[in-house]
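*Asks:* Sequence:
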Amino acid sequence: MATALVIENDPSDDLRRLGDWLTEAGLELTVLRPHAGDRLPETLDGYLALIVLGGEQNAYPAADGTPGAPWFPALEGLLRKAVRHRVPTLGVCLGGQLLAIAHGGHVERSTAGPEIGPGLVGKRDAADNDPLFKWVPLLPDVTQWHRDEITELPLNATLLAASSRYPNQAFRIGDRAWGLQFHIECDADMIADWVRADSATLTELGYDPEAVVLATAASLADVEEVWQPFAVRFASLALGTLPDADIPNQVVGRTLPLLGQ
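Per our numbering, residue 1 is the first one in the sequence shown, and the count goes up by one each step.
For the record, the hints were derived by calculation from the structure and aren't laboratory data.
A couple of the hints might just be wrong.
[Stated by the list, open to error] Simulated DEER-style distance windows between Cβ atoms: (1) Leu205 x Ala2: 39 to 49 Å; (2) Asp14 x Ser199: 33 to 43 Å; (3) Asp125 x Ala188: 26 to 36 Å; (4) Pro11 x Ser199: 11 to 21 Å; (5) Gly37 x Arg86: 26 to 36 Å; (6) Ala63 x Ala245: 35 to 45 Å; (7) Pro73 x Thr151: 19 to 29 Å; (8) Ala2 x Ala36: 16 to 26 Å; (9) Thr66 x Ala112: 22 to 32 Å; (10) Asp10 x Glu108: 16 to 26 Å; (11) Gly206 x Ala36: 34 to 44 Å; (12) Pro243 x Ala36: 31 to 41 Å.
We put the CB at the ideal spot given by N, CA and C, even for glycine.
Modelling step: build the complete structure from the supplied sequences, incorporating the hints.
*Replies:* Okay, here's the thing in structure tokens:
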């Protein structure tokens with residue numbers, strides 16, 4: 001059976017609830033862990049979708065040109081191929097940043113400081129015609145945990161959700177690839193692990209670790225109410241059963257050969 005390819009960039013950020021929602025919707029998942037030595041495929045032949053998860057790495061290279069992780073150049077190539085061949089794609093946090101960079105966008109350390117804990121983002125008007133976002137409420141609940149931000153979207157991207165501190169919270173490239181700056185996959189145990197691992201950031205912000213865990217855990221039911229149906233629609237799109245998958249008057253931009261393989 002054809003499956004969706006999931007790239008886990010960091011052991012601290014696995015599929016968790018998102019994986020449950022996708023499999024319950026009928027989408028089989030193949031998880032590759034390049035951080036543990038798994039090799040990425042050269043193409044997406046045979047896969048119904050591509051899902052790229054988050055991680056502690058920077059999406060952008062270091063000052064000497066070293067990528068944030070050794071496999072990021074190959075992963076960016078897969079993200080370009082996914083858009084070119086209209087493979088349904090979902091990038092979460094770091095995954096969304098890599099999707100942006102792969103298509104000419106920019107990601108940098110945010111001057112607004114870290115964004116951590118439960119929050120809201122606001123839908124943009126373009127989301128009304130989006131096959132996944134049009135059913136998302138106007139101010140959906142999300143979980144945030146990042147220092148970097150997408151400072152410039154790719155020229156062919158459509159902004160779907162924003163916030164005052166981080167304007168590029170969700171976007172689409174073409175008609176089958178979505179990037180999210182926020183997290184939808186977390187459960188309470190994952191947040192507790194992040195609190196322990198990132199205590200320095202919480203201290204920097206003056207946040208009480210226990211309060212962050214409790215506040216985020218309290219928001220998880222609201223996050224599920226919004227993003228479980230979103231995940232089901234993404235699975236249906238991948239399986240070819242989403243009835244309203246086409247975007248009115250959407251013109252899929254061509255990718256220059258220079259940007260892909």
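*Asks:* Run through the hints listed earlier and report the numbers of any the structure violates, in increasing order.
*Replies:* 2
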